[in-house]
Structure formats: structure tokens, C-alpha cells
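Here the structure of chain U is known, so what remains is to put chains G and A in place on it, guided by the hints.
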Amino acid sequence: MMGLLQRLGATTLGVTERIGRGHLFLLHVLGGFPGLLPRFGLVMKQIYASGVLSLLIIAVSGLFVGMVLALQGYNTLVDFGATESLGVVVSLSLVRELGPVVGALLFAGRAGSALTAEIGLMKATEQLSAMEMMAVDPLHRVVAPRLLGGIIAMPLLAAIFSAVGIIGGYFVAVGLLGVDEGAFWSQMQAKVDLFDDVANGVIKSVVFGFVVTWIAVFEGYDAVPTSEGVSRATTRTVVHASLAVLGLDFILTALMFGDD
Amino acid sequence: MMQSRSVQIWVGLFVIAGMAALLMLAMKVSNIRAFSGENGYAISANFENIGSLKVRSPVTIAGVVVGRVSKIGFDSEIYEAVVTMNIDPRYDNLPEDTSASIFTSGLLGEQYIGLEAGGAESYLHDGDRIQLTQSAIVLEQLIGQFLVSQADK
Amino acid sequence: MPEAWVRIRGLRFTRGEQVIFDGIDMDIPRGLLTAIMGPSGTGKTTLLRLIGGQLRADAGSVEVAGQNVAALRSVELYRLRKRMGMLFQNGALLTDLSVFENVAFPLREHTRLPERMIRDLVLMKLHVVGLRGARELMPAQLSGGMARRVALARAIALDPQMVLFDEPFTGQDPISLGVLVGLLRSLTDALSLTSVVVSHDVQESLSIADYVYVISEGRVVEHGTPEALRRSTSPWVQQFLQGQSDGPVPFHYPAPDYRTDLLADGP
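Residue numbers (this note's numbering), protein chains in the order written: chain U, 182 to 441; chain G, 28 to 180; chain A, 55 to 321.
Isolated chain U, as found in the complex:
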């Protein structure tokens, strides 16, 4: 009984300590942001690594998600004779939820894990230590551009996911299922709002990009510098980042769309 209690206490303390370290780490990293402005090339490289290299998986997933949404939505809507609303169903689901959320989950799997592994290995091979000894702060030089790159790349990826998905939905709805093209677009435009839906979706994806990248770089920096430690950290990144995205999505949705 006491043993169980002690384990609970130890776990709680451990988790709290890690969260605290994560925040201190973040503060330190954010301190490096002003220094990045004159050296935007560093950030550019990270936008390439986490954005451009995730482009393919994001676009392909978006296309298929959009096409499936159109197929599924059609089956339901056809019972009510409301197939003109298919555009609304597809675009609202994508813009409000699936673009930011699925985009962020894919981003965590593709770019987040890569970031953790990269930074973890840099730690294991003493590259971060070597930087410190060269009087270069690795949190500013290595971590800060990666965090900023992720924050910039994620909303762009989410927008591409949604746009490609809507195009995929359009092809299925109009090309395959014979929904009227005019109704598809005009209903969509009547119901989707630029600020309430599109802008909120973008805000969501900025938050997700920040959180996923933060978790990824922190896990990498905090990894035990062995091959086992890095592989564990990589797994943790994907699991924790995905859970964080889903949890935050609920909170953000409640905040944004809760009261109409």
C-alpha cells in the first residue's frame, strides 16, 4: 500500500519536474528568436526539413481524406435529398478539424520524430556539447530555428491539406457522384465563414505546430544520449505530441466554436 503510494508520488514528482524543465527550456529557446531575424537562412533550412519534406505525405493524405469524406457524406445526405450540401460537409470538416488535426498528427509522425532523433543524436555524438565549448548556445543555434520553422510550416501544411482535400472531395462529388457543380461551390461559400472557420482553423494549426515542435525538440534535447534513449524519445514525441494535439483540439474547439 505504502509502496503504491510512494510510486504514485514519485511519478507525479517526475512528471511535474519534466514539465517544469520543458517550460524553462522553452523560455530559453524563445530568448533565441530575436537573434534569428538576421540569420533567417537557418530557419529556412528548417522550414525545408519539416515543411517541404512533409509536403508529399500531407498532400496525398489530404486528397484521400477529402475523397472519402465526399463519399461518406454523400451516402448520408442522399437520404435527405440534401446532396448539394456535400461541399459544406467536406469543407467544414476539413477546414475546422481535419486539416489542422490530421495535418498535425502527420506532422508529428513525419517531422516531429525526425527532429527528436536529430537533436537526440546530436546530443549523443557530443555535437551540442561541442557547440557549448565553442561558446555557441545550442538552444539558440540548433533548437530555436527548428521551433520557429515548425511554427511557420505547420499552418501552411494544414492549409494545403484542407485545400487538396476539398479539391479531392470536389472530384468525387462532382465527377463521380454527379452533384451539381454550382451547388457544391455556392453552398460551400454560403456556409463557410472566412473568420469563424478558416481563420480559426489557421489559429489551431499554428498552436499545433508550436506544441508538436516544442515537444519534439524538448524530447530530443532531454533524451538519454544512447541509441536506446534516442529511440525511446522518438516514440515519446509521436505519442505525446499526438495526444497533446487531440487534447488541445478539444479545448480550442470549445473556445472557438463553443458559443455561436
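No lab work stands behind these hints, which were simulated from the structure alone. None of the hints are false.
With a cut-off of at most 27 Å between alpha-carbon atoms, the simulated DSS-like pairs for lysine-lysine come out as follows:
(1) G:Lys98 <-> G:Lys81
(2) U:Lys372 <-> G:Lys81
(3) U:Lys372 <-> G:Lys55
(4) G:Lys81 <-> G:Lys55
(5) U:Lys372 <-> G:Lys98
Every beta carbon over 10 Å from chain U, so not counted as near; a handful from chain A, in silico:
(6) Arg66
(7) Gly70
(8) Pro83
(9) Gln121
(10) Asp243
(11) Ser270
(12) Arg285
Covered by chain U, according to a simulated footprint, are these stretches of chain A (three or more residues, beta-carbon under 8 Å):
(13) 136 to 144
(14) 155 to 163
Quick reminder that beta carbons are idealized off the backbone N, C-alpha and C, glycines included.
Showing chains G and A alone in chain U's frame:
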């Protein structure tokens, strides 16, 4: 240097693609609000019952959206709802005796305000009030009345 | 003997329960090559990290160039580190940068020199270590010895006053070993560097060092010039220098009696 140049080009393409996607979401998918609240003009109307009318519900004339509901209040002296709507300044020639009714689009759709132009010479201006209004039809009341009238027979 | 560039007094450092250093006094003279030797696992790398300010001591002080490293604010510490170079055991080259960019890294981070001058400086440093022709290669394409030489070029890129070498000789074939030994000695003389070499390779260290410290079990066992060390009467030092398998340092890790252990049950 070659490598960093191709990185820059790719990032440039990526940013353009992302921006294009955002632009598509803004222009093609959503309705950019034709006008913002500031440059439209406000007119108000009292209703006995507004049903489930909401802020940002459309205001139409002959089925064309000309504005949106901007505020819904309650006048505690006459126990009526006060609905303020913002009208696109392009439609600044609504006659003074225009009437406003609350309709439902389809059987289960959302509610909106339908304006019907009158024949007066002078037009409505910012801050004016529409005198002729017709409240929302509440389905439950309708059914209740129907049942009562059946019972009377 | 010249004045001490690094002055260590009463240094105590523990990691968990384990005592790594238990009261070490050390003076590392300026402009000379000092070797710090000891068996594996005596915390020689830890000592370098304490000098570089990456770790804090539990007690005692580490002074570099008259400044107490542990008491410095991070800005001052970084300023001090610009005057130090460090060569890590496996080079610790930045794997996403080419050889050229690795050597240019400290210059780009700490100076606003024009590209042309950076190029000249980098090529000069690479020429010193004989790898001017390898400037386009990536770290993954280098052999271990070459990587260490590139790291050496990087460590001296900012013309530091002191360079710390962490096990520079381990795992090298005889040719690159000879190259590294020669480089260490000639760089120390040519640039009047204060070099600190941490190593357990006795012959190489003794052949180039001006002064030697031998540490074991958290204490300085012996120090002096290489000649003095060879004449040392301490049986421990003799065992270490000659590489005998048994002596004051037993061959067997502490264990219960062999016979009873074999007959006993359990793991």
C-alpha cells in the same frame, strides 16, 4: 552554396503553395464578408418573437443577401426583441415603409430576415427603425393553434 | 616553470553516490603541453568539462586565466570559452555541415568577417592539419583520424590560448596516431598554446608532454616531468606506466572467494 540555393527555392515554392491554399480557402471556399460592419448602415426592427434568429443571420430582399443581423437585444418596456441589422451601403435606397419578417429557409433550415420594399418616396437611413414587422413562426404554437381549432369543431 | 593558466584547488565532484574527484590540486602551466593520465573511468573527461565550465564542482575551485569558472555568469563564461578550444574524443563534428563549414562554424558564429577572409582562415587551418583537399567532404565520409584532425582545425579556428584534448589518441591506426602526436606538439610550440591532453595512452603522452599528472580514484597520484615520472618509486605509477596486468591495481574486480562463489547458488 548550391545546396542552400535549392533549399531556398524549395522553401519559396512551399510558401507559395501554402499561401495559394490559404487564398483558395479564403476566396473559393468561404465567403469573404462583402462589407464589414463599419461601412454598412444600421437599421433596427422590433419583433414579438424572433424564434431562433441569431447574430450574423442573413438579411435578404427578394432572396438576395443585403446584410446581416448585427445585434439582438430585448426591450424590457414593451417586451419585444430589438434586432439591429447591418445593411450593405450599396443598398441605400430601401423605402421607409419597408417591412421585415422572419422566415425559415426550408422546413428545418436556419432563420433569416426577409425585407419587403414598400412604396414610400423617402429612404431608410442609419439608425432608422422598420415599423412593419412580422414575427417568426414558431412551429409548436402553430401546432397548438391547429389542435385547438380542431377541438372547437 | 611558467605561471599556471589553470589552477585547481581542492576539487571535489560526485555523481550520485559515486565520488569522482576527492580533493584534487592541479596547476596547468601556460604555453606548455600538460598530460593528465589515469585508468579508464577515473573521470578525466569530467575534469575537462569542469575546466570548460560545463559542469559545476561540489567543492573546491577551478580557475582559468584567473577567473573562477563556476562563479561566472553565462555571458562571461561564453567569453572565456572563446579563448578555449576543445577536441572531443570522436571529433563531434556537426554532421549536417561540410568539413569547410565545420571549421568555419566558430568564425561565422563569433565574427563578422567577410566571406573571403573566412575562406582564407579556414583553408589555413585545414592546411595545418593537412586536410585542405578534403574541404568539400561531409563528416560521414571521413575516417576517424581525419575527423579528429578536422575537429582540431575547428578547435584552433579562433586562435584560442588553450586547447583541451579529450583522448586524442584512442582508436587510431599507427599512421594517424603519429600524425596526431606530431600535430599536438607542433601546434603547442608554434601557437604557444596551453594544451591539456587527457589520455590513458602512456607512451604517446609521455613522449610529447612537458608535464604530467597521474590521477586515480579521485586523487592526484603523481605529477612531474615525464623523466621524473619514469623514475617514480610508486609501485602504482610503475604498474600504470608499464601496463602490468596485476599489481597495486588488482586484475580482479572485488569479488567473494572464487571457490565459495562457484559452489554457491544464485546468479
